[in-house]
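> The residues making up each chain are set out below.
There are 2 protein chains.
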Amino acid sequence: MGIVVQKYGGSSVADATGIKRVAQRIVATRKHGHDVVVVVSAMGDTTDELRDLAEQVTPLPPPRELDMLLTAGERISMALLAMAIAQLGHQARSFTGSQAGVITDSVHGRAKIIDITPGRIEAAIADGAIAIVAGFQGVSQDTKDVTTLGRGASDTTAVALAAALGAEVCEIYSDVDGVFTADPRLVPTASKLDRVSTEEMLEMAASGSKILHLRCVEYARRYQMPIHVRSSFSTKEGTWIIPDDDAGEQPMEQAIIAGVAHDTSEAKITVVGVPDKVGEAARIFEALAAAEINIDMVVQNISAAATGRTDISFTLPRADGQTAMSALARLQHEVGYDKLLYDDQIGKVSLIGAGMRSHPGITARFFAALASAGVNIEMISTSEIRISVIVDEAQVPTAVQATHTAFDLDAHEVEAVVYGGTGR
Amino acid sequence: MGIVVQKYGGSSVADATGIKRVAQRIVATRKHGHDVVVVVSAMGDTTDELRDLAEQVTPLPPPRELDMLLTAGERISMALLAMAIAQLGHQARSFTGSQAGVITDSVHGRAKIIDITPGRIEAAIADGAIAIVAGFQGVSQDTKDVTTLGRGASDTTAVALAAALGAEVCEIYSDVDGVFTADPRLVPTASKLDRVSTEEMLEMAASGSKILHLRCVEYARRYQMPIHVRSSFSTKEGTWIIPDDDAGEQPMEQAIIAGVAHDTSEAKITVVGVPDKVGEAARIFEALAAAEINIDMVVQNISAAATGRTDISFTLPRADGQTAMSALARLQHEVGYDKLLYDDQIGKVSLIGAGMRSHPGITARFFAALASAGVNIEMISTSEIRISVIVDEAQVPTAVQATHTAFDLDAHEVEAVVYGGTGR
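Line by line, the protein sequences are chains W and P. Using full-length UniProt numbering, read the first sequence as starting at 1 and increasing by one per residue. Using full-length UniProt numbering, read the second sequence as starting at 1 and increasing by one per residue.
The shape of chain W in the complex, shown without the other chains (with noise of 0.2 angstroms):
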């Protein structure tokens, strides 16, 4: 049998009894015959206490220093899992990212990942050993310093790592039981998805669901590797993330709608009474790209052709709310502008599925569903297997519920359980 990669985040390793539990579940699995390499993340809220013992020693922290700090988190929890695998009676070898040969670039805080040298990893699988690799973390390739790949990046590193070692799957172990056609905070009655397929799952990541992170499925769909998506508090089957082409043409069974996702992080700015000139919105999105904020969405309106004037709205993430406003402000005079707008009281709400290429009327019946809810729809984009709309934040539940019903996604019983508690 070939190898299987596990990654375990920090709630399945928050405490002593955690890791533990965590060991045998690894131990079960290589028993099954399995080389086992695990990634796995600091121990409950470590990386957010190094954050705070940082802050308190300075507000600017160099990046290079606070990399070096905040892997120590992984290497915490990656030594306590080798040793409780050895009480168990197994060989196990912890390997920080730089000896597991994770080569980054060097961005600090944000690096990504250059190449994948896994000799020492290998070596410790030939020598029948278990091999604990820290999540989150690298070596810069120029200058050999420690890199980290940014938050919740160890699903990354648990991917690429699989990759690299042409691993038959990776397993994404966290507090839930899989992929939900919908938050089950939002919906009770949201159904677990037995297999969903890497561009879907794309979608939903991109859309606010929180179960994986947008760079981890980039990686799995790059290289084809399929992911599965369980719970490490129980032994039942989660979500299967198969990469497209593995799906091969949609079978009969499969469903049009993969879910519903939302995200509640975004705010919507609005630059009212724009000269209706070519180049002026140009210039408005390249201060903004100058700023290095990501926008999401835009709606420009139909010039009234009495003013000469439109207006132009978009969406980023609220926390470069500020930044974005200033650098807009500083082009009042520039571009000609009336004022400015700023809204944090939206939400994105997205309908996410395959199946939408080879049926038409699902827009319809997903705006027919808000409208019946009354649920009034701000801006909308679309791709070519998602339709997001923006709608006020409150609403945003009534939205998701209405939404999940209409297109009978509906379970017969309540299945989601969250456990654990302590978030990923």
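There may be inaccurate statements among the hints.
Where chains are identical, the list cannot tell them apart; a pair therefore holds if satisfied intra-copy or between any two copies.
Capping the alpha-carbon separation at 30 angstroms, the derived lysine-lysine pairs in BS3-like fashion look like this [stated by the list, open to error]: (1) 31 - 236; (2) 210 - 339; (3) 339 - 144; (4) 236 - 20; (5) 20 - 210; (6) 339 - 277; (7) 144 - 20; (8) 112 - 144; (9) 277 - 144.
Hints listed in this document are in silico derivations from the structure and should not be mistaken for laboratory results. Note that the structure is predicted; figures quoted are calculated from it, not measured.
Could you slot chain P onto chain W? The hints should help.
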């Protein structure tokens, strides 16, 4: 000006406030024109807390993984210290033992330094940065695994690094003002030594003085590196430990006696009624050596002609008492001794001074002082510059005080101040 290596113990960097205070001191040294390399221990009780975590997972952690775990401690303190220095407007870069080129053997938990290849430290200095190095850790030459040098070995890292860099001095900071003529907790009138020879410091460390570890002083002696032991809580000059060659001929004003050390960590075993034949004593000590027990003092009574039997007494670390008694019990039939006596209510008091060589009568004065104080001597051992006696543990304070007074070491006022108080 040359390179100064500074080593700060855990009590000096116990929290954010301590780290900022240490950063200011480092920057002050830098502003004086020195290149500064800092060796730092883990914050406060971090190492003990990590050991506790390991114990919660397994009673017998694999040594490789325990080293991986414990080295997280210095990683945290060194990154925070580098941040605090950056906050003061100076460049600082932290380095793990491995990055700093501390090459060791593979004996996890008590690895020995084989070589230091400080290329990255030298590059950092050349760039004008202050280099912060994790104490207590290295990387094994053959397996490239992370190793630790054993408890308190950050002092050794500092001296070895100072030697490798050709530093002017290695400053060891703690929460006491320097080396005292006796432990100030026992002798309130103990006075701080301005200078002491490496040779004397070696005897003091071997006799129970806890201010510096024996290995660190051995390194300083081998590489002729001056050490300056001082407090991180004050700017007072501490104690200079001067290589013997530099000390040269005893200057006129050199004190005959450097100080009085004591040690209450040993136990005494007496093997009663050993047949006084060639080879019997050897078999006893071979058995102890096979059990990896280091013995300290040994006394053999004069054989009673009538019985042809003798008693052999020796001292050893209390921690090894049980192991030694078991090893000897297994020998009873073979050697034919009468019985074993175990006594852990003993203490060792040592008088140390290079002046002993040229001043006869020191021993007589020492023993007379003990007799006047009503202290009974159980065992005696001497070196060229040291006289040690074993006494009843309860009489150790009386013996130390009486000796200190007899050799005119009492200061006119109380000098010793212990800052902080979390120990080293």
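> Any hints this thing doesn't respect? Which numbers, in order?
2, 3 and 9
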